[in-house]
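Mind docking these for me? Both chains are given alone in their own frames, and the hints should help you get the complex.
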Amino acid sequence: MNILLCEDDPNIATIARLALEHVGHHQVTWVADGNAAKSNAMTGQFDVILLDEMMPHKSGADVCNEIRQLGQPTAPIIFLSANPQTARVEEFRPMTVGYIAKPFDPLQLCSQIENILSSAVNNKAG
Amino acid sequence: MKSIRARLLVISAICLSIVVASGFLTFASFEQFSQLNSDLAQSYDLVDAMIAYKYKSLSGNTSQKTDKWIQNWRVRAKKLQPEFRADAVKAVLKNPSTKNLRFLSRSENEYRSYLHPLIDYFSRRAKFFGSLTVASTLFFSFGLLFYVLLYLFAPLRDLSKRMEEFVHNRYSYEFAVPEPNEIGELQSAFDRMAQQVLGQIEELKSLDKAKSDFLSIASHELRTPLTSIKGSLALLNSGIMGKITESAQNLMTIALDETDRLIRLINELLDLAKIEARQFPLHPAWISSHDLISNTFQRLSGFCQTAQVRLEHADTDGYELYVDSDRIQQVLTNLLSNAVKYSPKGQAVTVKIVCDAEPGELTVEVHDKGRGIAPEDQALIFEKFRQASSPQNPLVKGTGLGLAIAKTLVEQHGGTIGVRSRPGDGSTFYFTVPKWRRTANAQLRAVV
Ligand SMILES: Nc1ncnc2c1ncn2[C@@H]1O[C@H](COP(=O)(O)OP(=O)(O)OP(=O)(O)O)[C@@H](O)[C@H]1O
Ligand SMILES: [Mg+2]
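Going down the list, the protein sequences come from chains A and B. Under my numbering, the letters of the first sequence match residues 537 to 662, in that order. Under my numbering, the letters of the second sequence match residues 322 to 769, in that order.
By construction, these hints were calculated from the structure, which means they are not laboratory data. Do not rely on the hints blindly, as some may be mistaken.
Unchecked claim - Derived EDC-like pairs: lysine to aspartate or glutamate, alpha-carbon spacing no greater than 20 Å straight-line:
1. B:420 to B:408
2. A:594 to B:542
3. B:705 to B:592
4. B:564 to A:557
5. B:705 to B:589
6. A:594 to B:534
7. B:526 to B:597
8. B:375 to B:429
9. B:673 to B:633
Isolated chain B, as found in the complex (with noise of 0.2 Å):
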């Protein structure tokens, strides 16, 4: 009999009868108590009538009344109890000599004496049982209170202890054999739920290892022939190597833009699949918004100048963000080689920050004259290799990551990324900056 349901029904069914029990005892013995106290006074009743009717008689004043009165008493005195107490009466009614009520009081006094120590007896009983029902109802609760604080409370605070290490990561695999009761048996189901998790939580860092195991291989794997490839290709190209016919030097061209488009690829590739494995850890820092944006501009005038289209900026300066500032530069790159890819030569790209549109939020925005893109693909653009359709004259050939690696990225700053755009209008793209300060307060906005 381990269990607590079973132990606890047992406890209690001992408790409630002896509670009962004792509580009954105290009542019979408080009824008996009472019964013989109106037998007492019954019987002084008695002996105050029978000489109030000696009394009445003497008097000669009988009436209808009295003839009822003596009826009563006739019928009273028959259940009375020993039988010489009925027989005194009786003689006292039928004629009330004063011998006859001596013989009367004499034999009431009798029977008092008789009642007073029985009395005494019930009321000591009665006493001593209504006190041992009181004692057993304190004692057993306070038992069964203790019970279930001993039993009950300590081994589920245990559990709930254990399962606090369990979420802290501080999980021991020491415990105690749980009891053979209920929550023994919910320690060990805990106990195994743990366990099962932590086995799990073991496979997948193995399987985390041997993707970043897979992917350190296939960065090196893949770069390593590329590299003598461009390298050759480059050398070659250029002439040092020794003058080479025109049609060479055009082919030599085309193999170098393609070897240049697949290393962009797997060097896109490899980021993406590094950043959604988590190897990438953020090293966030404050940056100005200033630095932030000059740095990137700086890295794409080349590009622009090829492509003749002018960077911008508006409402940029005068923010600090906490950001990985690499990671968010590779962001603003990818948008705004986007923007330039597809703007008409001649025109301009627009960098803004806005910070009141949404409250708690700072707005780095991208704005481009370009075709704009179909609300249909206005999703789909942030997805792996997708291209929005009817790409007109691209400058440079894409692999559909760029935005991919920039909404991650976002993603992972704990920000979101999206465009707004109507096809032939341009295009907004836009990205949101959870902390960020003003510079010139040095105020703390908005902190995640």
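Chain A on its own, in the form it takes in the complex (with noise of 0.2 Å):
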């Protein structure tokens, strides 16, 4: 799978990055901030988006807000957030497939991924 990993923290990323690559063996484009995540989102060439919540300049919750604003259909977009329970996260559930709570497991967060998705495509369908 083609990820795009948008987070800020590059202790983070890196360790999601070697996750992805090591164990899922997919292909991983990290940004670190909303713009870039947001235009790299509109491309199109990504499989799955995995947005931080918190980060400088735009938050996740924006880059999601902007990308509806457009109207673009982008890749299913999971949420990682510090924070699972406060309001954003549930003010965009429909808008993203799920969300990954931090810290996650690295070795678990493929297997997680696919679960999303899996049951993303069920309710789809269901």
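Put into structure tokens, the structure is as follows:
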């Protein structure tokens, strides 16, 4: 899979990237801020987007909002959230297919993504 | 003279004096009237008596009794006014001749013709003042009633309306300038109180906001470095990044375990803080007891396998609970994980639903055959960071927050939580759910 990783913390980004590349053998593109996340998401070359909820300049929720306003379909978005119970995640739940809570287990990351994607497909079918 | 008390006093004093004065005048006129009337009657009596006396003395029928009668009339005649009447009576008593009698009746006639207009006058006067008394009494009582209604009840009603609005959060600062009297004082005292309360509410709100801001920053700032630590350790430990020696792996496992524990502690602390700050609004919905319990069992299946403890359930089907299912699953998870943690290997942990213990409430029980809890510890363990003394061989090191979280969540649902246990004989943790129904007839049994 071709994965867009939007994460401002370089340490977490490195770990997520290593995990995705070494465990799941996916291709990862890493961006560190909301603007880059938005422009990359619109290119349509990714299979899934991992979006950090809190980023400088533009939060994950803002990115979601702007993409929605443009009305352009994107790859499924998964929130990476250190605060998964806050209202913001609830608010953007319809735009995303799910969220992964931080701290995540890097060895489980790939299977978590696959689970979320397959349940999203099931939901759509059902 | 603005105060209602003073006004009422003055008005009632005026009213009362007018009523009393006209009442007195009525009484005096009436007295006069009746006095004149009795004088009139006496004058007739007098003439009759003298005529009777004349006939008696003609018949020569005088006795001792008659002498007394004459004596009596002499005394009465002295008091007669004007004087010519007394003289006439005395003359008749001395000599009851026709001439004297005629003179008496003429003078009495004159006297009566003087009385008649006076009687008329006083009767009119009594009537006038009598009706004046009645009228002024009526007028003043209605006036007072009107005043009380207008100046007391209307502002009071206004004030109570405003209080009602305050209670229902619709209080506005746009109030009329209060009148300078007691009601006005009450009104401005209430307004001051309302403003103070509203000010304090604002302050509390901003404190609350600061608290929740702190919570969300703390969650983020604590979880971000932990994500890196845990991630690095897990990747290294897995061997994906290259082989490491066995002792290095041991150390890494220790670090990883402790990181996990730290993460759990932080998660639970933040959860508890958020629940206590009421930042987790409940999203209650009807959920079947079966789903609730089987979902929780599923979540715990890995943990139970490691601990070699079975999960069982009895009488748990056929109910629907009106709860926030995530939160109640968390409660059940905390109770079940404790029960599993403190159960000996090979034993079973049983979940049961009891609904007839206390009418109206449904009780979920988690029963284990573990070491039990000493009576003195039973209340303590629901507090934060409290663990029962002598923890023997706990499978997972606990943080002592599981039951505190469960308690807060159950109470948020309006239920209660508790434990029955004898040391060495297992324990039964239970919590109640106030709003539930049976699935079979879908009948609402109890609604809070
Ligand atoms: N089923 C049980 N049998 C015996 N003791 C129990 C049982 N459940 C709880 N306890 C006692 O109550 C204490 C508090 O439990 P609590 O769940 O709050 O914390 P914990 O299990 O130690 O940590 P954690 O926060 O990870 O759940 C436990 O440490 C234990 O001593
Ligand atoms: Mg516990």
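Please write out, lowest number first, the hints stated earlier that are contradicted by the structure.
-> Going through the list in order, the structure violates no hint and respects every one.
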